[in-house]
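Protein sequences appear in the order of chains A and B.
Number 581 in our numbering belongs to position 581 of the first sequence; there are no gaps in the numbering.
Number 123 in our numbering belongs to position 123 of the second sequence; there are no gaps in the numbering.
Please keep in mind that the hints were generated in silico from the structure rather than gathered at the bench.
Backbone N, C-alpha and C fix where the C-beta goes; we use that ideal spot for every residue, glycine too.
Careful, some of the hints might be misleading.
Here are the in silico distance ranges between beta carbons for each label pair [what the hints assert, rightly or not]:
(1) Q303/B to S52/A: 35 to 43 Å
(2) N192/B to G565/A: 54 to 62 Å
(3) I364/A to K178/B: 20 to 28 Å
(4) S152/B to P213/A: 40 to 48 Å
(5) G486/A to Q303/B: 24 to 32 Å
(6) T358/A to N192/B: 51 to 59 Å
(7) Q303/B to T93/A: 55 to 63 Å
(8) Q303/B to I364/A: 32 to 40 Å
(9) E165/B to A167/A: 58 to 66 Å
(10) N301/A to K60/B: 48 to 56 Å
(11) I364/A to N192/B: 38 to 46 Å
(12) I364/A to E165/B: 47 to 55 Å
(13) N301/A to N192/B: 23 to 31 Å
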Amino acid sequence: MIKKLFSLLTLFTVSNAVFAQSTCNTAQVITAGSYIIDTINGTGVPTPVCASGGDGATAGKWYKYTPTANYTVTVTTDLAVNPDIDNRVHIYTGNCGLLLCITGDDDSGTGYLCVVTFQVIAGTEYKIAFDNKWSSNGFTFELQETPPIIINPNALTFTSQNIPTIAGTYKIAVADMNSDLLDDIVSVSSENVQIHYQLATGGFNQVNIATTPATFLPSWSMAIADYNKDGYGDLLYGGGSGVTFMRSANNGTEFTQASTSQYVFSQRSNFIDLNNDGNLDAFVCHDVAPNVYYLNDGLGNLQFYQGGMGIHPNGGNYGSIWVDYNNDGFSDLFIAKCRGGNTTAKINELHRNNGDGTFTDVSISSNMADPIQTWSAAWNDFDNDGFLDAVVGASSFTDGNHKFMHNNGDGTFSDITAGSGWDVFPNLSIEYVSYDFNNDGWTDVFTNGKIMINNGNNTFSPVTYSINVGGVGDLNNDGFLDIQNGNTIYFSNANLNNWTKLQLKGIESNSNGIGARVELYGAWGKQIRDVQSGIGFKHMGTMNVHFGIGSAEVIDSILVRWPSGRVDFICNPAINTPMILTEGSVQSPVASFTASATNLCEGTIVNFTDESTICPSAWTWSISPSNGWEFANSSSENSQNPEISFNEPGSYTVQLVASNTNDQSANLMNETIIVTATPTASISYSGSPFLTSLTTDQTVNQIGTIGGIYSSSTGLSIDANTGEITPSTSTAGTYTVTYTIAAEGGCEEIATSCSVTIVLSTIGITEFENGQVKIFPNPAESNLNIVFDASFKPTSIDLVSMLGSSVKRIYSNMNSIDISELQAGAYFIILTKEDGTKLTTRFVKK
Amino acid sequence: MNLRRCSSRRNIMMQIFPLALFFLFTIQSCQKDKVFVPISTPPIGNSGVSVDLTQVPYAKLSDYGFFTSPMKNQVPVDGVLPYELASSLFTDYALKKRFVWMPQGNKATYSGDHEILEFPIGSVLIKTFYYNNVQPNNETKILETRIMILKSTGWIFAEYVWNDEQTEAYLDMEGSYKNISWQQGGVTKSTNYRIPSETECMTCHKDNNQPIPIGTKPQNMNFDYAYSDGTSNQLSKWIQAGFLENNLPSSIVSSINYMDESYPLRLRLRSYLDVNCAHCHRENSHCSYRPLRLAFSETINSQNMGICIEPDEQISSQAQLIEIIVPGNVQKSMMHFRLNSIAENNRMPLLGRTIVHEEGVQLLKDFINSISTCD
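Full structure from sequences and hints, please.
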C-alpha cells in the first residue's frame, strides 16, 4: 500500500495536499514487512526528537504499528537497497498531541543508516516517524518482529548520582530526621551535623548544624532515633574510646551534646527501649569488654550501665541487632562476635528478652552459638513463615563460613546453609544488612559489592554491584530502597513491583516505634518486619518500614504490634503509597449486616449477611431474648454469615460484634427481628341452606386468626369484614365462602372456605311447628333440605312411608337428606326432639 | 668492641670467650655483630624494691621503690635494670623508658628468638611514657608508667598516672586523657594523649585472651645498651645480672631499629611491623582471623606481610585499595592507607596512636616503591 502503490498515488496528488504518512494524525498503519518511502516530505516534523542529532528537520513520514503480540521489534533501513542514505527514525507511544519517545536512532546501521530495536506490548500503538534532518531522499525500511525479550519483573538496577554537597568526616547515616516520612542524609564532623533533608518535590535541602566539639566521633558506628521524643532525630556516635550523644533541641535546629566518660571501644550501636518504659535507650557493643547500655530517664538523659547482655570479659562484640526471634513481643538481642585466637569471646550470642528488663543467654539452646568470625548478621523472615531468620555473615573464613540459620519457631534455629547459596558465597564483609531491594516480597541481603537476591525458596542468588554497604533508605520516595555511600547515591531504578512503606510514631511506645513488629497481610500470606535503629555494622539506615509485594495489587491489612502492647491495624491500605501510622490510631472494623427478613413468620430461617467494613476477621452474634430461636445449617455465633431459625413469635434483637485479629478493637450493630405467629382459621355457617325469606343476617362461625376478608362468588350478599350473609338479598344457589388472611409479618396468605346454600323461599317450602322447621323443596327429588331454628335441635329424623314403615332414620340435625333412593310417593318426616316430643309433616318424593 | 658485618644473613655466630673473672659474650645477629662489654660489677642486688604479690598493684608507683628519689628522674635503684627494644611501638611520639625487676635468685629463660622470655613469678616490667620539650615550659613531662607483674596466676596490668607536679604516679585502671603539646624537630605537635584502661592494655597484650608482655623477646633485645656502668649487649647484661638463664643459642635472628637507614628497607619494615602490628596480627591475637602475620619471624613470607594479598575488609570510599601491599603502588596499598589514617575505624594500629607516624609511613612508602613483584 505504502509501497509502490503509494508512490503512484503521489503522482496524482497535489503537492500540498494532506496525504497518508504526512503527519502523526494521518500515519499509515503498517505491520511487519518492507516499505518504501520515495521522499521525506510530510508536513509533520517528528517532535520530540528521539534520536541523536538534535532539531532541524523540516519534514517527516509517519507510520503506526499495533503489534498483536509482545515482540522485540526492529525498525531498520540498514538494507542492501539503501546505499548512501542518511536517515533518522523516532519511535513514540502516546497520542499525537503528546508523543512520548520510546527510542530512536540516527546512525546505528551501516554508514548512516538507522537501526532501532525495542520491546513492544501487544495492543499498544507505536508511531514510527522518519525525518529529513540529514536528507529527504527516499529509502526502504523494514519492520521486523522477533520473540520478545523476557523482562525480569524483579530486575534490580541502580543509577548512581554524585551529591557533591554531602560533607563531613562520617557520611554513614540515612534516616528521617524530621518525621516527614522522607529519609534524609546525615553526615557528621567534630563540630557539625550536616543534614540533607529530602524534599517532597525531589532533591535535598542542605542544613548544617554546628555542635560543640564531639568528645567521640562515630568512627565505628552511628545510630539515630528520636530518644527525647521531640519528633527530631537524635544521634549516637560510637567512638573508639567512648560514646557521644547529640540530642536534638529547638525543633531540630540544634544539638546538645551529652558525652559519657566511660571507656567504650564501640562497635555496632542501636537505639532500643530496653526497659519498655516508652523511652528509647541506647545499646553499644564493646569490642574488648562487656557491652554497655544507656538508660533513658524519660527526660532525654542517658545513664551508663555495663553488663547483663554480652558479658564476656574480653568483649568480642561487633554486631548487635535487636530482633524478636520468638515472637513474644519483646526485642531480643543477637550479637555477631569476632575475636582471634582460641577464645570464647568469638562465640556469637543470642539473648532472650524476658520482658521484665532481664535477659537470658540462649545462645547454645537456640543453636546460635557459633564461633564464626562475624561483624554483623542480617536478620529477616527470609521464607515468610512468620519467624525471623538469620544470615550470619563471615568477616573471615578462619572460624567458619557464612551461615544461614532458619528459625524453627520453637526457640531454635537450624543450619540450612547447604545449597542456599551462602555455602558458596565467596565474599567477606563486615557488614550484612537485609531489605527487600527488588520489592518482590522476599527480603534480600546486601553486603559489600553484592546483593544476595532471595529466590523465595530459602536460596539466594548473588548479583554483583559496584556498591559497598552504606546508608540504606528511600532517597527519592519512589518506594525502592536506595543506597548512600559517601557522596554517591545509588538510586534504585524502580521495577514494576509494588510496595508499601510506613513510618511509626509512637505515643505510649517509643517515638520511632523501635521494637515494633509489623505484619503485612495479602495474597502472599504474611510478611513481617521489626522496626530497628542500627543494623549491619557501621551504618545507620532508614527506620521506615518497607515492604515489597511483587505484582500483588492489594494489601489486605497491616498489623502493628507496638512495644507498649497496643496493636494497631490498617485495613486495605493503598499500595505504593507511603503512610504514617500514629500509635493508637486503631482502625476498628465497623460492624454491619443485613438480614434476609426482619418481619417474619414463626419458623422462618433468616440469613444474616456480614457487611462489616475495615477488615473484620472475627464475628460474634448474639440474640435476645435467649430463647425462641436457634442457629441453623451448622452456623454458630461466630459464623461470619449465620442462619437463624426464629421459632416463636415475638420481637428479637440481633447484635453483631465485628473485630479484627487482635480482638482488641470491636464495633457492634443491632437489628430487631419481629416474628409473627402463623395464621390459622376455619369458618362455617349454621343453618344453611338459608331461605331468602329469612329476615335476619346469618353470622359466620369463625375460629382462629381474625381480621381476614370474606368473599364469595357473585350472588351471595356477604359482608367482607364480618362474614355475615344476608339471605334476603342473595340469589339462590350454593356458594363457597372464602375467608382470606392476607400475608402479614412474613407469614403467607392463608384462606379457608365453606359452602353456603341460599334457597328461594317460594319453592315448595313446608313450614311446620310455627315456622321452627322448614323442609324444601316439596316435592323433592334427590335431596330434602331441612332448616331448623337455631333453638331447635332434633335428636333424630325419621322418614316414614304412608304405610307407616320407616325408610330412613338419621341421628343428627342434618340440613339435607338424600332421598334419591326412595320410591316416588308421599312420606312422613318425623322429627324427634330432645324432650322426646315429635313433630311430623309430609313431603312428596318425585 | 668487636663489630663485624654478617657474611650472610643466615650465618649467625655467637662466640663466647671466657676470661678470668669476666666473660665476653658476643651475640651476632644477622645484621650486625652484637657485642657486650664485660662488666666488672657483681650481679645487681634488690635493695629497696618491694613487690608483695599479695598486695600489688600498689596505690602509688613510689610504693614499689623502683626508682631513686626524685622518682621523676627515673633512675632505677640497684636491682632494677633498664632495657630497650630494637624497634619501638609508636605511641604519638611519646618517649619511653623500660625497666625490669625480678625477685632475687630468679631468672627468666630463653625459649626462642621470637618468643617472649619466660619470666619467673614476681617479675615486673616497667615502662614509663614521657615527652621532652613539653609546652609551654619546654620541659620533660612524664605522663604514665605502665607495669606488668607476673603473679602465679599470670600477668597483671598496673597503670600509674603521674601528677602534674611529677612527684608521684597513682594507680588508675580506668583510662584517661591528657592534652599535651611538645616541640619536636622544630615543630610543635600535640595530641589528646590516651592513658589506657586495663581493658585497653589487654586488647594488645594478650594471647588467647591471657595477658602477656610484647616486647621482651630476644629478637628485640639483642643489641647494645649504654648502661650507667658501661655499654653492653642487653642479653649479655641480663645473664650477667642474673636475670636470664645462660642458655641462649649461638645465634639469634634479630629485628633492628627501623629508623636505622643503614639496613635494607625490607628488614626495617619487618622490624617496624613486628613491634607496631604483630601483637594483633599473629596467632591467637585480637585480629588473628585476618590473613596478615606481621611478627618478625613470619614476615619472611611476603604473603604474611600482605604483599599482593587482597584485604578481607573493604573500605567503602577507597575502592582503589585492592591489596594490602601493591608492589610499587602506594596509593592502592591498604596498609599505607591505614597507617596513614587517623580515623579510629581505619587507622592501624587501632590503639596507641591518634596521629600519623610520619617516619613509619615514609618507611612503608619507601618499601612499597622499592618492590615490583609479589615476592
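Problem - Beta-carbon spacing of Q303/B to T93/A - inside the hinted bounds 55 to 63 Å or not - result: holds (59 Å)
Practice task
Can you let me know if the beta-carbon spacing of T358/A and N192/B is within 51 to 59 Å?
Solution key: violated (38 Å)
Exercise for the section: Evaluate the given range 20 to 28 Å for the C-beta pair formed by I364/A and K178/B. Expected result: violated (44 Å)
Problem - CB-CB spacing for K60/B and N301/A relative to the 48 to 56 Å hint - result: violated (36 Å)
Practice task
Hint says 54 to 62 Å; check whether the CB-CB distance for N192/B and G565/A agrees.
Solution key: violated (46 Å)
Practice task
Look at the Cβ atoms of N301/A and N192/B and judge whether their distance stays inside 23 to 31 Å.
Solution key: 26 Å Cβ-Cβ, so the 23 to 31 Å window holds.
Problem - Distance restraint evaluation - E165/B, A167/A, Cβ atoms, bounds 58 to 66 Å - result: violated (45 Å)
Exercise for the section: Confirm or reject the claim that G486/A and Q303/B have a C-beta distance inside 24 to 32 Å. Expected result: Check passed, 31 Å falls within 24 to 32 Å.
Exercise for the section: Check the following: the C-beta atoms of I364/A and N192/B are separated by a distance inside 38 to 46 Å. Expected result: holds (42 Å)
Exercise for the section: Mind checking the hinted window 35 to 43 Å against the Cβ distance between Q303/B and S52/A? Expected result: Violated, since Q303/B and S52/A (Cβ atoms, about 51 Å apart) do not stay within the stated range.
Problem - Distance restraint evaluation - I364/A, E165/B, Cβ atoms, bounds 47 to 55 Å - result: holds (54 Å)
Practice task
With 32 to 40 Å as the target window, see if Q303/B and I364/A comply at their CB atoms.
Solution key: Holds, at about 37 Å.
Of the hints listed earlier, those the structure fails to meet are numbers 1, 2, 3, 6, 9, 10, in rising order.
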